[in-house]
Amino acid sequence: MVESLPKDPLITPELIADHGLTPEEYERLKGILKREPTYTELGIFSVMWSEHCSYKNSRKQLKNFPTEGPQVLIKAGEENAGVIDVGDGWAVAFKVESHNHPSAVEPFQGAATGVGGILRDIFTMGARPVINMNSLRFGRPNSGQVQQLVDGVVGGIAHYGNCMGIPTIGGDVYYDETYETNCLVNAFSLGVMKINEIQRGEATGVGNPVFYVGAATGKDGIHGATFASTELTEESEAKRSSVQVGDPFMEKLLLEACLELFQTDHIVGIQDMGAAGLTCSTCETASRGGSGVEIDVALVPQREANMTPYEILLSESQERMLVIVKKGREEAVHKIFEKWDLHAVEIGHVTDDGLMRVKYNGKVVAEIPAREIADDAPLYDPPATKPRYLKAVSAWKLSELPQPGSDMTGILTKLLSEPTIGSKKDIYRRYDHMVRTGTVVLPGSDAAVFWMREADKYLSLSADCNGRYCYLDPVMGSRIAVAESARNIVCSGGRPLALTDCLNFGNPTKPEIYWQFKACVEGLKEGCEAFNTPVTGGNVSFYNENPEGAIDPTPLVVMVGQIDKKEHITTQWFKKEGDVVCLLDGLQDDQLAGIGGSEYLRRIHDLKTGCPPVMELEKEKALQDVLLEAIRSGIIRSAHDVSEGGLAVCAAECCFTAPMELESEAVVLGAKLDFSPVARRTPRHDALLFGEQQSRVIVSLAPENLTALEEMAGKAGVQCDLLGTVGGGELTIMVNGETLIKGEVKELGKAWRDAYANAAKTSE
Amino acid sequence: MKAKIYVTLKQSVLDPQGKTVQRALEQMNYKNVGSVRIGRFLEVELNCDDEKKAAEQIEEMSRKLFVNPNIEQFRYELEK
Amino acid sequence: MKIGIVVFPGSNCDYDCLTSFSRLAGEEGLRAETKYVWHKESAPETFDAYVLPGGFSYGDYLRCGAIARFSPIMEEVKAHAEAGRPVIGICNGFQILCEAGLLPGALYMNRDLNFICEHVFLRTERNDTIFTSECRKGEVLNIPIAHGEGNYYADDETLERLEGENLVAFRYCTKDGLVKPEVNPNGSRNNIAGIFNKERTILGMMPHPERAAEIGLGSDDGRKIIVSLLKSLAK
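Chains as they are written, first to last, in my numbering: chain A, 1 to 764; chain B, 1 to 80; chain C, 1 to 235.
Read the hints as simulated data drawn from the structure, not as lab findings. Yeah, the Cβ is synthetic: ideal placement off N, Cα and C, and Gly gets one too. Do not rely on the hints blindly, as some may be mistaken.
[Stated by the list, open to error] 16 Å max Cα-Cα, derived EDC-like pairs, lysine to aspartate or glutamate: (1) A:Lys425 <-> C:Glu27; (2) C:Lys40 <-> B:Glu79; (3) C:Lys40 <-> A:Asp341; (4) A:Lys424 <-> C:Glu118.
[What the hints assert, rightly or not] Under 10 Å between C-beta atoms, here's a sample of chain A residues computed to sit facing chain C: (5) Glu256; (6) Thr439; (7) Gly737; (8) Thr739.
Using the sequences and the hints, build the whole thing.
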C-alpha cells in the first residue's frame, strides 16, 4: 500500500503545472501507476520527465547520430559516459555536460559543481579522470557584469579541478553579444582505465544491499533538473536556492575510495547522484539491471532536520554515490570507505519486482515501475519552422561590403585584440594544467595533447563550435564544428577517434528554435559520418534564452583523437628560421570568400550576416588525410588551421604563440609571405586576409621537404601553395608586389596577449 | 564609525570547510564538538555620524557586495 | 635507499612525485625504493627521506596545511627531521612544513588573489646542499609553479635570519638570473620560492621540480634537485 504523508500537499492542476508536467503527461503517469500518484511520486516523475533527465524533446533527433564503430566499447546512452578503446587493453571514458543555468545565477558554485558532476560521470565508469577541458561562452567583456561572471566561472572551474588534481588542459572561449545574459559553461572530462576495469551502473542480484556514500543530503538543488529545463527570467533569481555548493575535497576522497573499491570484486554496480539525485540513480540502476530497488529514505544521512521523503529524493546535493554491493561483502566495502574518512550507509536492497519502492520509516511512500519511468518517458517531436531571418542573411553578398581601406595591418591588429581570437592565458593560468605530468603540449596550440603515463598513450583533444556560423546556417555551422575539431586533432598529429557533444539551444517549444536544433543535429551527423567519429554521449541544454531572445545555436563538439607516436606531436607555431611556409587548401574554390559570419564582418563592420564559410566534407577529409600523412612522414614542423580571423590571423599566430617560457622553442619568429597564389582564387583583399575559408592549414617545413609535400598534396588533389619563408622579427604579407601587412611580431603578439585585458578595459 | 560585519553561509547551505574542520577536531579527540561553520569577518570604517544612515549603508553594501544572497547571510554591529 | 611519499587526504602530486623519483633513480643507476605512505600510519617503516607532495590536503580548508600537520604521520616526519634526515616539501608540502613549524614563515594568498600555473625561473642560491649539489651556484632553473597560496611571508626578524644564514634556497628571477619585483609571481618577500632549515636537511619550495623532470614536459631542470637528493642518499 502506497501512503501519502499527513503534510503532503493536495495534488491540484496548479501543483502539477508547477512540477513542469502537462495534463497529458499527468495522464500518462497515472497510466503507468494505474492510480493517482502521491506527492512524493509526483516529485519523482517531475524530475525523471524533465528535459534534463528524459531528453523528451530531443531524443528522437539524437537517435540519428552514428554511435557505433570498432573503437566503441560503451555506446552513447548505455551508461554515464561512453567508452572508447585506445589499444593495448586500455580504454578512455569521456563526456561533456552543460551547467549553464546554475552558472548564470551563481557563477562560482555553478561552474564548480558542473566540473564535479562530469567527474563523477567519468569515475563511476571505473576510470581515473586525467583530463579536464571546458567550453565557455560569455557576453562582451566590456561590462562589469560579464567580467564578474568570467571571473566567477573560471574561479569555480579552477577551484574544483585544481583541488581534485586533474589538469584542465584546453577548451575554447567566445565573447559574443548573443551570450550576454545566457552564458554557456560546458565541462568535459576524460578518464583512463583498463578495459577489464569498466564499471556498470546496474542493480542486479536480488538481496544485494544498496549503499549510499558521500556527502549528507541537504535541501540544496531541489528541482535543479527542472530548473535547468526552463527559461531564465527574473523569477529564476528567486529560485536561487536551487544552486548547490560543491566540495571538491569530498569528491577527491570519493574518487580515491571508489577507484580502490574497483580493484576488488565487492560490488556489482555504481551510479553517481547527479541531476535528480537519489531518484534518478535508483531508477536508472534498477532499469539497467532489469530489477527493482527498495530503499528507505529515512536511512539517508541528512544535513538538515525534518527533511521529507520528497526533499530527500529530489535533493541535488553534490558528491554522493549509490553503490550496489555484493551480499556478504558489506564489511569489506565499509572498510575501504572508512579508510578515506567516508561513511557508507546501507539504505536498501535489490529486488526482483521491477519496482522502485521508496519507504520512509517503513511506510511505502512511492512505488513506481522502474523501467517504465526511465524508458517510457514522453517523447516529443515539436513543430519546426525555418526561421525567417535566414532568408535575409543568406541573401547577403560580399559586393554589399565597401572595399576595405589601406590599413590592413591595423585591421589585423584589431582582430588579434579580439578576446575571442586573442590569448586565453588569463584563463588557463588559473587552471592547474600540468598536474599528472602528461601535458606535453601546453594550452595555446590548436589541440590539447596529453600523455597518459599509465597507459603510455598520447591523446589529442579539441573543443569547437562557432555559434554564429550555426545561427547563419545551422547545418553548415555544425558540420564545421565537427570538421574543425577533427582538423585541429590532425594538426597536432593525431587521428580523430570519437566525439561527445553538448547541444546548447533556446526554447525548443518555439518552432524556429526547434528547426535550428534539428538542422544542427543533421549537420553534426553528417560530420560524424565523414570522419568516422561516432558520438559517444553528451547532453542537451535547452531554454538558453531570456525575454530578448535565444542564444545562437551552439552545438559544442569535443573530439578525442589519438597520436600514435610521440614523434608525430605537432604544434602550431613556427620553429625555425629559413623554413618554408605553405598553405594546404582543400577547398580551392574561388567563388567563396568565407567572409559571411566572420569575426572581421562582426567586429570591423558590425554585421552578423552572410552565409558562413562553405565546407565540403570530402574535400576536408582529403586535406586532413594529406596533412596527417605529411606529419607522419616527419616533414612538418608546424601546422595551424585557418579559423576565426582568417588567413592573416592564422599566419600571425604561427609567429608568436610559442609558449614564452620554453627556451627550447624560439619565442618570436617572423615570416615573409606572399599570398599571390591564394589571391588568384580570392581577389578581394579583405576576404583574402580575413575570410574564414575552411579546409585550410598553414604548415612550415624545411625547404628540402617542399617537393615531398607538394607531391603528397598533388596526389590527393589538395592545393599546396608556397607562401614564403620563416625568419626575421617582422610579419610581412604581400600580394602581387603590394605589401598588405607589415608589422613587428612582438607588437602583434602583444595585441594578441593583452586582448582580454584591453577588451575588459574599454567600456561602451 | 566602525562597522563589524559577519558573513556566514546560510544554515541550509553545505559548508565544506566547516565540515572538514569539524571532522579534524573529532579526530584530534575533541569529543564534544558540534557543528563548525566558517565565515568571513569585515571591518568597515565609515565617515558618518548618523547611526541610522550608517546602518542603511552597511546593509546595502552587504547585500550588494559582501554577501552572495544565494548562499550567505550577514549580521553586523556598529561602533562609535 | 627508501623514500616515503606521504599521502594526505587531498594530496594530488603524490603520483607525479612517485613516478619522477623512481624514474630518475633508475636513470642514475641508483637503487631506490619509492613508496606511498598513508597519513594515518603513525609508526611506519624507516625511510631515508620523506617527500611531502603537492595538492590540497584536507581541501586546503581553514588554511593550507593547517589540518594536515595534525595527521599521525607528521609525528614521524618530525622525529625523522629532528634526527637530521632529509625532508622535501613541495607546494602544499612546503605549506605543511611551515604550519608544522619545521620551516619558518607562512604561505598565504597570492598577491593577485588567483591561482597561478605557469613556468617560472628560479635562481639557485647555493649549491652546497643535499638538494642542490647538481646545480651551479646561481644557476637559473625553469620550473613551473601551480598554487593559489604561495606568497611567502616571514616577519623582518625571521627574514633577516634566513638571509643572514643563507637559508634561502631559490628565488624567482628573470631568465638571466636577475631577482626583480616584476618577476615575482605571487608577492613573496624577497622573491623567495624555497627555503632550507638551519641544518639544510629540510627543503620547502613552492615550484614543482617533479613537473620539470623530463624534456618532453618543456623543461628538465627539476631533475637536478631530485637527483641531488637521490645521490646524497646513495652516499
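Verification of the supplied hints:
Restraint check for A:Lys425 and C:Glu27: the C-alpha separation of about 35 Å exceeds 16 Å, so the hint is violated. For the hint linking C:Lys40 to B:Glu79, the alpha-carbon distance of about 47 Å lies beyond 16 Å, and the restraint is violated. A C-alpha spacing of about 11 Å is found between C:Lys40 and A:Asp341, which places the hinted pair at or below 16 Å, so the restraint holds. Taking the CA atoms of A:Lys424 and C:Glu118, the gap is near 13 Å; set against the 16 Å cutoff, the hint holds.
Checking A:Glu256 against chain C: minimum C-beta separation of about 8 Å stays under 10 Å; hint holds. The restraint placing A:Thr439 at the interface with chain C holds, with a minimum CB-CB distance near 7 Å, inside the 10 Å limit. Given hint, A:Gly737 at the interface with chain C, is violated; its Cβ is 40 Å from that chain's nearest Cβ, farther than 10 Å. Interface restraint check: A:Thr739 against chain C, minimum CB-CB distance 34 Å, threshold 10 Å, status violated.
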